[in-house]
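Chains as they are written, first to last, in the numbering used here: chain W, 1 to 537; chain C, 1001 to 1379.
What the hints contain is simulated information worked out from the structure, not anything from laboratory work.
Derived lysine to aspartate or glutamate pairs resembling DMTMM-like cross-links, with alpha carbons at most 20 Å apart:
no.	chain 1	residue 1	chain 2	residue 2
1	W	K317	W	E76
2	W	K317	C	D1228
3	W	K317	C	D1215
4	W	K317	C	E1088
5	W	K317	C	E1220
6	W	K408	W	D339
7	W	K317	C	D1273
8	W	K458	W	E478
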Amino acid sequence: MLTRIAGGHVIDPANRRDGVGDIWIRDQRIVDPPGDGARPDATYDVAGKIVLAGAIDIHSHIAGSHVNAARLLLPESHAGAEVSCVPPSFATGCRYAAMGYTLVVEPAVAPTYATQAHLELADIPIIDKATLAVLGNDDFLLDLLRRRESAAAVRDYVAWTLATARSLGIKVINAGGAAALKANVRAFSLDDLVPYYGVSSRAIVEALQHAVHELGVPHPLHVHCNNLGLAGNVDTALATIAAAEGLPLHLAHLQFYGYGKDGPRGFSSAAAPLAEAVNGARNVTIDVGQVMFGPTVTISSDVLRQFNARHGANPRKWLIQDGDGNGGGVVPYRYRADDFYNAVQWAAGLELFLLIGDPAQVFFTTDHPNGAPFTSYPDLFALLMDRDLREQWIATSPPEAMAMTTLKSIRREYSLSEIATMTRAAPARLLGVRDRGHLGGGARADIAIYSDDRDRAKMFRAAHLVFKDGEPVVRDGEIVRIRWGRALDVRPDHDGAIARRMNDYCGERYGLASSFMRVPDSALPRPDPFECVPCVQ
Amino acid sequence: MTPERRRDAPLEGGAVGHAWIDGNPVALDAAAAEAARLLRAARLPVIAGLGTDIAGARAAIALAQQLGGVVDHMHSDALLRDLAVMREAGAIMTTPNEARLRADTVLAIGSALQLWPELQQNLQRPPPAPEIGSERGERRVFGLCAPRGQTAAAGSRAIGRGLDELPALLAGLRARVAGRPVHSAPALRRSLDALAADLQAARFGIAVWWSAELDALAIEMLCALVDDLNARTRFAGLAVAPPDNAAGVVQVCGWTTGFPPRTSFGRGRAEHDPWRHDARRLIASREADCVLWISAYEAAAPGPTGGLPLIALTGADRRPTGARVVIQVGRPGLDHDAVEHVPMTGTLAAVAARAPRDTVSVAQAIARIASCLPGTPAC
Chain W
1 MLTRIAGGHV
11 IDPANRRDGV
21 GDIWIRDQRI
31 VDPPGDGARP
41 DATYDVAGKI
51 VLAGAIDIHS
61 HIAGSHVNAA
71 RLLLPESHAG
81 AEVSCVPPSF
91 ATGCRYAAMG
101 YTLVVEPAVA
111 PTYATQAHLE
121 LADIPIIDKA
131 TLAVLGNDDF
141 LLDLLRRRES
151 AAAVRDYVAW
161 TLATARSLGI
171 KVINAGGAAA
181 LKANVRAFSL
191 DDLVPYYGVS
201 SRAIVEALQH
211 AVHELGVPHP
221 LHVHCNNLGL
231 AGNVDTALAT
241 IAAAEGLPLH
251 LAHLQFYGYG
261 KDGPRGFSSA
271 AAPLAEAVNG
281 ARNVTIDVGQ
291 VMFGPTVTIS
301 SDVLRQFNAR
311 HGANPRKWLI
321 QDGDGNGGGV
331 VPYRYRADDF
341 YNAVQWAAGL
351 ELFLLIGDPA
361 QVFFTTDHPN
371 GAPFTSYPDL
381 FALLMDRDLR
391 EQWIATSPPE
401 AMAMTTLKSI
411 RREYSLSEIA
421 TMTRAAPARL
431 LGVRDRGHLG
441 GGARADIAIY
451 SDDRDRAKMF
461 RAAHLVFKDG
471 EPVVRDGEIV
481 RIRWGRALDV
491 RPDHDGAIAR
501 RMNDYCGERY
511 GLASSFMRVP
521 DSALPRPDPF
531 ECVPCVQ
Chain C
1001 MTPERRRDAP
1011 LEGGAVGHAW
1021 IDGNPVALDA
1031 AAAEAARLLR
1041 AARLPVIAGL
1051 GTDIAGARAA
1061 IALAQQLGGV
1071 VDHMHSDALL
1081 RDLAVMREAG
1091 AIMTTPNEAR
1101 LRADTVLAIG
1111 SALQLWPELQ
1121 QNLQRPPPAP
1131 EIGSERGERR
1141 VFGLCAPRGQ
1151 TAAAGSRAIG
1161 RGLDELPALL
1171 AGLRARVAGR
1181 PVHSAPALRR
1191 SLDALAADLQ
1201 AARFGIAVWW
1211 SAELDALAIE
1221 MLCALVDDLN
1231 ARTRFAGLAV
1241 APPDNAAGVV
1251 QVCGWTTGFP
1261 PRTSFGRGRA
1271 EHDPWRHDAR
1281 RLIASREADC
1291 VLWISAYEAA
1301 APGPTGGLPL
1311 IALTGADRRP
1321 TGARVVIQVG
1331 RPGLDHDAVE
1341 HVPMTGTLAA
1351 VAARAPRDTV
1361 SVAQAIARIA
1371 SCLPGTPAC
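The shape of chain W in the complex, shown without the other chains (with noise of 0.2 Å):
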């Protein structure tokens, strides 16, 4: 089958491409163009539309068990004709689709809760999907770094994981405060020591980053930082950029790090400073985790975090897991545009994304549900293509909020090119994916048609065409075909002695096989489910 999308403005920023032209499509490949006497099967007339390829997210809480906990929480999140803050797996891969995305990853699977995350996963129709596997507060990471073992036994271990929890890549949440938490220790920073284990914070994160980096893993080690939503944790994230000494790592949901203890209430935005030493630090890149106004509730496998903020759930009602590893807490939460803290959270946010030069450094993520459901992602596109608009919400927020952050004087809009290049092209860089985010021969047909609307988030909230490898699947915001997408994973090779290692470990810990954390094909109810990411050489 082949098709030809005529006459849009294409723009491709991977391929240097920006202005009106064809897009050839053979079946889930997009095609160079086949020449003259090419006679298409079916043809779409885009003209004055725009054409992107499809959208990837890196970073949102779509699946999991801490997930479903916070659906189960929020029954009346779904009874009304709104679209829930937590929404169920069918109608999250719907949503996405319909706003052009094709990849999102859920950043936050527990190697022991792997299998219900690939389940959900695998009920979100159209999309693709992947995870992120936690790890920095298991006992046996942490054992491991307590007896001195060697490199490769943090890196045998690590792509063990990644292999039996079907993973994309690794993230760190709090490394090593949810094992503090345990020994009923309240706040932790990079340098406080896990009881017990001896170890820092630091040493977690750097002996997970070179791990990472040493399997050839191409997304880096994914950090959620120690500290989060404090006044001055600034000085956290300073910190562990400095620590990452010039090797690959991504900071994730950086606004909520984004603050410092200025003016009469202790908190300000300290954005500005951050974005500067991201600026100068090309090894690291980060997603914003923008905050929108409106009700939404924080799901976080911080459990410290969470612990700590479960008094201001709103509405009055949230749940603590303190589970294996990590466990994690569910705390609905308002953020309100005539509050003092919500401002400056929500300007920060902002600041970043305009003061981070490089569009391929910074991510458009509002860490969903935690800073805003993602359906809120059109009128933060609108925001930082529009100067004008930022000036009307500006003018509508407490003035002493705005005066704790340099939002207003910043006057940058982003083009529809570094929208392309922070949304498609740079998050498939990020992760290795080399055939998405772009739209040149070999691509995956995984394409975004817009109306090009002044109104951007009238424009970026319904797609005028989506096609998903080479299928229409969105057309005018509707859904018009239902599919079913694969998981991506990556399998390093490893030295098979870990596994059975792991699996004594495992019998002694759980009392189970090593065997129930493994996710395989046949659990999961469509065939040929994962899709292997090649790891770098």
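Please arrange chain C on chain W, whose structure you already have, making use of the hints.
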């Protein structure tokens, strides 16, 4: 051994031996067609029991959605009582295995531990987690309202005779933990004070209960006590999971509908109501007009169905009486590979068949029924 055989592999549907209509053995295809006919004729079919693995629950929910029916689990009363506390207040919870590894103090409510001998045995031994290090010592178990003759393990202490005393004791305990006065007999106050001090001295304590024998308010008070104890030390709740993969079915229901069981598709989209969509009530009031009963683990009986057409998918050789259609299904994890909730770790896991037999799974049986309904591919 790992599960490699796909559970949705094609089946020989013509063979006789595992399906009955009105008590007479028939081919699986005939039973499926008759079940589909009954379900299609119904205005509000209820899919109840739901004692099945993840694939079975997923298929059952999809079928309910297709039919505009209701899904409920046989242990929803207990499940929803725990969930009600989460949905109205707050809870700090842990897993049985974390409790086994680390808890130095156990507050056992009612007969929670007696109901789960494996956990009870584990909790009678000292906590084995290495990371609690030099603090490791004997585990202390306190009973609260354990039934007469069933007080907790040797070396432990118990307060309260029966569960009817629980609300007052919890109120007293919360007050004493918070340093507030209580008005009670001196002997009881001394017991409460001693227990409050013991709980506060825990390094990591757990309160374990079995929600089938408590009401939601008692569970809420217990969760609030646990929360209060966390002001100074670490403490967590542990709700014993009901059988029949109830905790697993809740998860599937959550990601497919957003809601736990007692969810209806009768008005075109998922609606949850613990009272309105209670299968027993729907059957008794005859709001439902057809019952699909699923009990793959045990062959639990569906309870009175008041003459409504009954289709039963059951797991053992015993067949429910009065069913129009019976399909005998395999027992998940025993007869066939399955994904199900593992109580000790509190996770879903792929489990290989312990004694593989050539049987029909619930998911396969439902797929067969659905294939005879309009809107799904032909048989």
